[in-house]
Every structure is written in C-alpha cells, then in structure tokens.
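2 protein chains.
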Amino acid sequence: MTRQIKLGAFLPGGGQHVAAWRHPDQPADGATSFEFHKQLALTAERGLFDAYFLADGLAVPAKGGTEGGRAKIAGFEPVTLFSALAPLTKNIGFIATASTTYEEPYNTARKFASLDLISQGRAGWNVVTTATEAAAVNFNLDQQHPHDYRYERAQEHVEVVKKLWDSFEDDTFIRDKASGQFIDPDKVHTADHVGKHFKVKGPLNVPRSQQGHPVIVQAGQSDNGRELAAATAEVIFTSHQHISTAQEFYRDIKNRARALGRRPEHILVMPGVAPFVGRTEEEAQEKYRALTSLIVEEDGLALLNGLTGGTLNFADYDLDGPLPPLPATEGMKSRQALIRQIADEHQFTIRELYQWIATARGHFTIVGTAEQVADTLQEWFENEAADGFNILPPYLPGALNDFIDLVIPELQQRGLFRTAYEGTTLRENLGLPYPENRYSILRNSKVA
Amino acid sequence: MTRQIKLGAFLPGGGQHVAAWRHPDQPADGATSFEFHKQLALTAERGLFDAYFLADGLAVPAKGGTEGGRAKIAGFEPVTLFSALAPLTKNIGFIATASTTYEEPYNTARKFASLDLISQGRAGWNVVTTATEAAAVNFNLDQQHPHDYRYERAQEHVEVVKKLWDSFEDDTFIRDKASGQFIDPDKVHTADHVGKHFKVKGPLNVPRSQQGHPVIVQAGQSDNGRELAAATAEVIFTSHQHISTAQEFYRDIKNRARALGRRPEHILVMPGVAPFVGRTEEEAQEKYRALTSLIVEEDGLALLNGLTGGTLNFADYDLDGPLPPLPATEGMKSRQALIRQIADEHQFTIRELYQWIATARGHFTIVGTAEQVADTLQEWFENEAADGFNILPPYLPGALNDFIDLVIPELQQRGLFRTAYEGTTLRENLGLPYPENRYSILRNSKVA
Chain R
6 MTRQIKLGAF
16 LPGGGQHVAA
26 WRHPDQPADG
36 ATSFEFHKQL
46 ALTAERGLFD
56 AYFLADGLAV
66 PAKGGTEGGR
76 AKIAGFEPVT
86 LFSALAPLTK
96 NIGFIATAST
106 TYEEPYNTAR
116 KFASLDLISQ
126 GRAGWNVVTT
136 ATEAAAVNFN
146 LDQQHPHDYR
156 YERAQEHVEV
166 VKKLWDSFED
176 DTFIRDKASG
186 QFIDPDKVHT
196 ADHVGKHFKV
206 KGPLNVPRSQ
216 QGHPVIVQAG
226 QSDNGRELAA
236 ATAEVIFTSH
246 QHISTAQEFY
256 RDIKNRARAL
266 GRRPEHILVM
276 PGVAPFVGRT
286 EEEAQEKYRA
296 LTSLIVEEDG
306 LALLNGLTGG
316 TLNFADYDLD
326 GPLPPLPATE
336 GMKSRQALIR
346 QIADEHQFTI
356 RELYQWIATA
366 RGHFTIVGTA
376 EQVADTLQEW
386 FENEAADGFN
396 ILPPYLPGAL
406 NDFIDLVIPE
416 LQQRGLFRTA
426 YEGTTLRENL
436 GLPYPENRYS
446 ILRNSKVA
Chain U
6 MTRQIKLGAF
16 LPGGGQHVAA
26 WRHPDQPADG
36 ATSFEFHKQL
46 ALTAERGLFD
56 AYFLADGLAV
66 PAKGGTEGGR
76 AKIAGFEPVT
86 LFSALAPLTK
96 NIGFIATAST
106 TYEEPYNTAR
116 KFASLDLISQ
126 GRAGWNVVTT
136 ATEAAAVNFN
146 LDQQHPHDYR
156 YERAQEHVEV
166 VKKLWDSFED
176 DTFIRDKASG
186 QFIDPDKVHT
196 ADHVGKHFKV
206 KGPLNVPRSQ
216 QGHPVIVQAG
226 QSDNGRELAA
236 ATAEVIFTSH
246 QHISTAQEFY
256 RDIKNRARAL
266 GRRPEHILVM
276 PGVAPFVGRT
286 EEEAQEKYRA
296 LTSLIVEEDG
306 LALLNGLTGG
316 TLNFADYDLD
326 GPLPPLPATE
336 GMKSRQALIR
346 QIADEHQFTI
356 RELYQWIATA
366 RGHFTIVGTA
376 EQVADTLQEW
386 FENEAADGFN
396 ILPPYLPGAL
406 NDFIDLVIPE
416 LQQRGLFRTA
426 YEGTTLRENL
436 GLPYPENRYS
446 ILRNSKVA
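Taken in order, these protein sequences are the chains called R and U. Last residue of the first sequence: 453 in the working numbering, with the numbers rising by one and none dropped. Last residue of the second sequence: 453 in the working numbering, with the numbers rising by one and none dropped.
Each hint should be verified, as a subset may be incorrect.
Identical copies carry no separate label here, and so any pair may be met within one copy or between two of them.
[Said to hold, decoys possible] Okay, derived cross-link-like pairs now, DSS-like style, lysine-lysine, Cα gap no bigger than 25 Å in a straight line:
no., residue 1, residue 2
1, Lys-43, Lys-201
2, Lys-259, Lys-167
3, Lys-182, Lys-43
4, Lys-182, Lys-95
5, Lys-95, Lys-43
Treat the hints as calculated values from the structure; they're not laboratory data. For clarity, every value in this text was computed on a predicted model and none was experimentally measured.
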C-alpha cells in the first residue's frame, strides 16, 4: 500500500490559541465542558483523524503556563476524559499524556491498559517527564529534579510499564466453565523489576487489548529526549519552524532507531502544525489577525514566561524591545531554545514574539488556502521531514472544521490521506505492528 | 420527607461469588468485558440504585485473593471504567475504590474530580489503605507498612484531597469574552499543605462539580478505621453477621461523628448484604446450593487464605477439621477477626468455612423469598443497624435482576425505597448536603 499521511488532532477544550476562548466560535467554558469534548471527538472522527491528542500538566501554573492562557487553568484529567469518550466513538485513537516523574509505573501501566481495553485497542500514552516547578511542589518536592534525572527515571518507568503490559500472554484465559479452569497459570508472568528508581514485582491485573498494548508516544527534543524516543517511541510529536530542521530531526531519529535495531518505519515522526485555513489567502490572514487582536497581554506574557523557563519577569522589560538573554533551565530545554530561535530569526520584539507563539506555543503555523496548506504538508511528507502531522487548530470547533472540510479533501484527492479508516485499533490505522508478548516470543523461540 | 433505604450495588464483572463465573447465567469473560459492565450499570440504574460500587486491589494476589477467585485475576481500573460508564447513564452514582497508600493526593484528587465532572456530580471515592503484601511489592516496598502507619497516611491523604477539591470557589469562572476576564483570581486557592507524609502546594487544576466534590466512602472496621470514617466518611460500607453487631457499629460510628461535631445523619451506615432470592424459600436455597457446588477447592482456599492474613498454607491442614489459630496480621485485621467469628459461631470445618465465605467474603448472606429479604432489611433499617445496604448479588446479572424484580417492588410497596430518583447527583440521591467551599465559608463569615 502507498504510504499515506497520519494525522493527530490536538484538541484542548479551551482552544489552542491563548485567546481562543474569546473567539465567537469557541464556547468560553469549553475546557470544562464534557459535551464540548464529545463534539470535538466526533468531529475529529468525522475527519478520519488517527487520534485525539491531549497534553497535560500536573499543576495550575503560578506565574505562567506552558500550555498558556487562563482558559486552561482547569479542565479534565486526560485518561478519565478519554475513557468517557471511547464508548461514544468507534475508530479514532486517544493519546493521553502522563508523567513518568510523578506517577508510579504500576499505576501508569494500569490506567492506560484499562483505557486500551475500554476503547478496544485505541489508546496511546504520550510519555512526558513534566518539566515545571509548579508540578514539583504538588508532589512533595521543593524544586524539580534535574533534566538528566527525569529522563533516566523516564527510561526505567517506560521499561517497567511495557513489561507489566505483557503480564498475560494472549492465550492465558481459558475460562472453561465445565472443568473450572479459568487461566493457564504458565501464561501469567511477573515483571520482577529491580532498578535504580523502581522495584516492581507484578503481574499487572489488566490484560492486553486488541492492539496488544497502547502506542507509545513521545515529544522530547533534547539529546536525552531523542535517545528515549528512539529507544521506545512509536510516534514522535515534534516542533519545527522549517523543513530543514524537521529533516535533520527526522533523519536523526530514524538513524538512532536503526542503530538500536528498530525498523525506522515503526517510529512515526509527526511535527505539529497550526493551520489558519481560508477559502482565500486573505480570508486566512483575516482569521489570524482576528485571533491576535483578542490576546490579553498578561496571558501572552504568562505563556512566554512558561515557555522560556519561567524565571523572567517581563514586566521589568520593554515589551517593544528585544527578548533578553534567557537563564539556563532544568525545565523544557529544547522548547526554550526554539523560542529563542524564533525571536532571533524574525527579530521579534517581546510583544511580537508572544503574539506569534500565542497560536501554538512554537509549533509551525501556516496561514493560507487549503491548497497552500496541502502543498506544505506534502512537501514535508515526501522529503523526509514527516510521516504525518499533529494538527493544532487554533480555535475550536471552527478551525478544526475548516481543516476537515477544506484541507482533508485536498489531501484525499492527492492520494495522501485515507478515505476510510483502515482498521479499528490505533495501531492498525497508524500502520504500526502488533507487539507480540515478550514471553510468548521466548516460549516460541524455545520450541523452535 | 420520610427516611428511606439507600442502596449501593456491588457489581464486579467477574461476579461476587468465587464460582460465579462458572454459573450458566454469568459470562465467563465478564471481568474484562466492557459491554457486560455497561449492561450491569444500566440494570442497576433500572433498579434505582444509588450507586454502582467497585472494590479494587493493586495486584494479582500471589497465594490467594481478598476478592477471591481467578475470574478476578484481571479486570478494569475502576476510575477509568466508571468514566466510560458515566456518559451512558443518567442518575446512578459511581463509587470507585482508590488507595491512599500507593497514590499521591494530587493524582487522587484529580482523577476523582475529573470523574465527578464527567458524570455531572455522580462520583464517590471509597478510601482504602490497601492491606496486601501483593500490592506493596508492586510499589517499591519489600513488605507493606504497618496498619497504624497506613491509617495515619490515609487521614492526611484525605485531608489534602479535600483541600485540593476546594481550589476553585464556585463563582471563580467569569469567562467574559468582551473584557477578557476569564477568572476572578481571588477565588483560586492554594492548599499549601505541609504535613508528615505530604507536601502539596496546589491549586488542583480541576474545578468542583455539580455536587461540590465526590462523596467520601470508607469501609474500615478497626479502631483506626472507625476513627478515620467518623472524621471524614459520608458513607460507610460495613460487614456484619448479626443485627446486634451492626447496631453496636452503627451507634459507635454515629457517636464518634457527633463527638467530632458532625451531624449523624450526614454519615450513612450501609452494611453489605448478599441475597439469594427465590419465589419460594426452596428456590432460593436451590440457587445457593447450585453455586456452592461449583466452587473449585483451590479458589475457595485461596480466598480463605487472603481473608485470614495470607500466611497459612491450608494444604497442610485437614479441610474437614477446624480452622487453626490465625497469626497476627498487618493486613485486614477486622476482616480476619470476622472470619474467625464466623468459623467459631457455626463450628465450621475449613471446607464449610470457605464454602460459606465464597458468596461474599464474610458479608451477611440472606437466602429466602423477597418478603423475607425485605423483612430483614426493614428490621435493620428501622432499628439503628443501617441507613441502607450495599447489595452484593452473588452472580451476575441473574441475582441482580432477582433483587430488582422481586425485592425492590416489595420495599417500594412498604414505602421503604424510592420509585424515582430524587435528583441527578449522587449527593442528592443519598440525601447528603452540598459541601460548601471552605474558602467561600471563610469569606462569608468575614463579611457577616
């Protein structure tokens, strides 16, 4: 089959753009409305998206948010939300973010396995290390662990979770009422993990789903982040302003995966794209300008503060002057570097910078017609910059509907996107292989 | 309004009785079938139950299970499962069990607040300390913490969670698109908790629901357990073989609550009842005998082992002889004492004992006609032994349908049970007060 573009939909109920909640199209209470999230899921499924994707933070940011905007000060916990949306949908996947730093592997493994079972194989776990001081102080710490420590713990956390997901081989359950034999005990396995950060015996008390186990997703851009992704991720969410840096990232990740013995097509690179789509270029520009005009300065600065490390007080600076040097951070190192790059490249003032990143926090923003957007996606897709994209509609549901009604048909016409779901599980739709149970592999290799 | 019986439904997909999965009526894969849990929720709602209740354990028990039976070796995590069931139902509440020992308060507060928001105010949290060695070794421990330590941590955990649930006053969200004012920052509160076990700043990033916050449920029977329940519980799940001990417990709990300044009617005592209901007494007896005949010895002994502390190997004893002395346990102390009491009172052999507790792990079992069951419930309800009951149908869906079709109409005829839901939230149906936000109370007291 011809290779086609994979699409994730990044749909926070509060909207993507910092000022989205003020847009006439967006319900102001979207972030805390279950009905609105249900509408978004059904809409994304109508658009044949592979997955509904949600970020997550374990705090209300004090001085500024990495997600940005007070419309996102409160909302749902992603795994419970997606569990509720799963039975209301049929094909779309659900990729929820959860932290390796502030959860225990047994609990992480369990909630995602449960979501995977409820959704009949449509779950994904976006692995994050949670890089904010605001979260650290909600979990018994005075300040967050260093970057390296978090990634080391993340690596071990993912390893334990994956082991736990294999606790039951696929043919464990016999359930013979006549004989009374419910399981084959030889097919149940303990993890017996003893490591630096965790000691976990197992087995997990949730079985595997139709897709084996949830899809592993990651977004780390630093060297640590890339190493973790190459080793364990099946989908990578990434952030680039230019095809050149996206290509560098794409090739690097595929090479790292190859070096670790993985097949490069089993790790999908999906840059974020925030599209303002119009029937004409002017209409698209007008949509962009309308949202920009709604930004509350305080929100824009809070977002900028969150994304640059959280230590600068922009009230002390001239907003129409340049971005000052940024102090080193133990938070999101690569995001900080990306913001710096954008500021320097465009020679933005502080005000222009927060207006620009207000759309999608540094993700690639396209303002144009459906043809122009499709051209860009096609160029990236066909030139080793992307296997697919995470679409971040700036306001909801309007910008999502625009993408579905205008861009999707254009991509379909070019043969670049599906016209029907390939399967019912997230793996089937993403074209990812079914992960054989590690203990079944061992058993079979012994027999052979 | 006249006081009426409150009813919870204890409906594990794998069935209550150790051998339930072998019953012709019960789907053998019920524990891992989402469709079956959906059917159970809809059935319980048809019966006008206040809540669907699920126990939880953070392990696959090694030598024996406190829930019992290999049919329960794997299943769903309760909060994700209930989130999925919430949008498919309208009135029934969802009481999920979660551990204060193996979770962090910020995560606990968050997932229950999210379930409460998704269900529009129908969530309850059954607070447990998780008393098994099998769970301890899944969370970095070599053996579980002592009983007292677990209860001390539980008390603090609940305190932090309740504080976090009040992070946003009910009128925090202004959401004025014109002015750009999304919140009133004076109505957002940090918890600033610094205690022996936890340090949690807050605020929580989930707002309060239609019922304020989830209903707090507990089941501890020991002195520690009763103290914790009297201080924080709104519903108490309890286990008694006789009206006399139920009355002692009922009065003790209400007195403890009164002593702590609480109104005794704001803490509902609900003993567990496992009913085998027949159109005749003989039919009911036959249902009981049929299930007993399906018990696999190994499962019966595993359950007995789990409930008596997990340290005896019953293979070393004559199963037709008496229960040996039980070694002291740091696990479920009061459950162990209850099993001892049952064994001594009935002069049960080991075999007879596991056959008896196979139904409902020591909960009160009634075998009889609808009139007989209703008589017993009425007697307990009208004589300070119970405000309601947690019904544990031994097999599913049959025994649940029997209760709904035979016993509920009998209770309704006597004016003892509702004929329609009183409200849409769990609190409204249970007759529990709306918990005012602590910070709003403070503010109002300053104004007055």
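Now the hints, each set against the structure:
1. Lys-43 <-> Lys-201: neither (41 Å within a copy, 41 Å between copies)
2. Lys-259 <-> Lys-167: within (21 Å within a copy, 47 Å between copies)
3. Lys-182 <-> Lys-43: So Lys-182 and Lys-43 pass the 25 Å test across copies only (23 Å; inside, 40 Å).
4. Lys-182 <-> Lys-95: Neither. Shortest intra-copy (32 Å) and inter-copy (35 Å) distances fail the 25 Å Cα cut-off.
5. Lys-95 <-> Lys-43: Cα proximity of Lys-95 and Lys-43: in one copy and across copies (13 Å, 16 Å).
Of the hints listed earlier, those the structure fails to meet are numbers 1, 4, in rising order.
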